[in-house]
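Work out the full structure: start from the sequences and follow the hints.
Those protein sequences? They're chains A and B, same order as listed.
1 is the number of the first residue of the first sequence in my numbering; add one for each residue after it.
1001 is the number of the first residue of the second sequence in my numbering; add one for each residue after it.
Listed below are the simulated DSS-like cross-link pairs for lysine-lysine, each with C-alpha atoms no more than 27 Å apart in a straight line:
hint: 1; chain 1: A; residue 1: Lys284; chain 2: B; residue 2: Lys1043
hint: 2; chain 1: B; residue 1: Lys1007; chain 2: B; residue 2: Lys1026
hint: 3; chain 1: A; residue 1: Lys43; chain 2: B; residue 2: Lys1284
hint: 4; chain 1: A; residue 1: Lys43; chain 2: A; residue 2: Lys63
hint: 5; chain 1: B; residue 1: Lys1007; chain 2: B; residue 2: Lys1163
hint: 6; chain 1: A; residue 1: Lys7; chain 2: A; residue 2: Lys26
Because the hints were derived from the structure by calculation, they are not lab data.
All values derive from a computational prediction rather than experimental measurement.
There are 2 protein chains.
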Amino acid sequence: MAEPLFKRLALIGIGLIGSSVARIAKDRGDLAAEIVVNARTQKTLDRVVELGFADRVEIDPAKAVAGADCVMLCAPVGAFAALAKAIGLHLMPGAVLTDVGSTKQSVIRDVGPFVPAGVHFVPAHPIAGTEYSGPDSGFTTLFQGRWTLLTPPPGTDTASVEKIAELWRRCGAMVESMEPAHHDRVLAIVSHLPHLIAFSICHTADGLADESRQEVLNFAASGFRDFTRIAASDPVMWRDIFLNNREALLEMLSRFMEDAQGLARAIRWGDAEYIENMVEQGRKIRRSLIEIKQA
Amino acid sequence: MAEPLFKRLALIGIGLIGSSVARIAKDRGDLAAEIVVNARTQKTLDRVVELGFADRVEIDPAKAVAGADCVMLCAPVGAFAALAKAIGLHLMPGAVLTDVGSTKQSVIRDVGPFVPAGVHFVPAHPIAGTEYSGPDSGFTTLFQGRWTLLTPPPGTDTASVEKIAELWRRCGAMVESMEPAHHDRVLAIVSHLPHLIAFSICHTADGLADESRQEVLNFAASGFRDFTRIAASDPVMWRDIFLNNREALLEMLSRFMEDAQGLARAIRWGDAEYIENMVEQGRKIRRSLIEIKQA
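This is the structure we're talking about:
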């Protein structure tokens, strides 16, 4: 076994991502020698103790980070400003502070001001997930073959960036660095907009007359079902992502609306060629995905 | 083995649905004593001969239906008017004419006028599919546990309706009858709108700058991927569905747009509660689907 990367890893928040990291850390032994878990409620911490992947649980985030040479924020991004404020002064000099949030500009905006000199802040985003949440939902293979994007601000200590990169590689992920603004645009189209659409269409279906609603459920296999899987995700996490990637998300939604309206107009006016071209494009993208084995 | 339902089944068109029915008919032996397959091109028919699920292939639809006591239209719905015109006068007295199209009002509009007195027209829609098409794509379990909806016009011969229902039950499907207009509205929301959205978002992603486009492919696992599966479907089939369920589809799109814009507005103005409620609704629908085992 390789030397553990960190002496003490403090996980602030223990949902799908946090509890997957904890399970991997426990299993492999080479992420950190000790795992401390913090959560908002004692109930969650009690469950974490039962699940057995933490060496210690701690309800006070300031106490959880004390003495930790790696602190990973795994809460919904909307909680980051308050958490950073609560832990900032308690971070150990030389510690690496990282996170797993899906919006990187907001994280840098919210957390950055509370990072003391001598603490190294390495924002990160493991692009992996399921529709499940909470400490029971994690599993050790969640990050296998998936990407983790690092968005370190200019001037970030390179040794710290490399340690976080290595942590994610040991979790099974492929690692790449990216500008925070670029990250937020890419994620807006590949993840945030699809989720916004999925939530919206569920809402639309739910708004139909009662009889039709039952039929939506009966006949969901014909396409609707694929949208509901991603619509089953955690409401607080998604509320926070939407609010914290507002500009990029609204821009991508606006582009999507133009495209959908273009297709609607072609349908209204019977423009068969336009429709066929648009459908053909969808197939091309799918084929590319299959070629690079992401589908 | 039960008595075959029909003496001769003529399949007009041999894509995913048609070739699945043919495979089931060949395997079970109790759908029809003889299977005749018609397709637009000799190349497809040559492939059908190789695949071995037809007793006879026939490039002329009029000849294909001659002597058949069951004729099933399995082509894209946009081809139905021309096909009905080509076969109408060659249908055997007492024969049952049915179809598998995804839009039922248009099928009744396009096929109905060409059905001679004494021929029984039973429109049907097996709600099953994959993103693959063509005679190679069919398989015998496609309809297992899925619904087939029958939309017989008032006054249709009940014995013929029952024979088509039994044919689909023998294919593994659950069968229900529905008003054609109601069918088209339900399918607009569960299938046609999700496909329209999936094609549109692929188009949107494809329209981004080159660099972002590659990243869409790399990071598709985070939600986008679920949309591309259904966007990989056959362009001609979908063009025809969109054009032939125009009113219901545009209404559902309009409702969806309102919901998406409502969510966008909440994001713009930071209305956290509105967003959470909408996301919560998506989860509820997903849970209902899991309860009735359609997910």
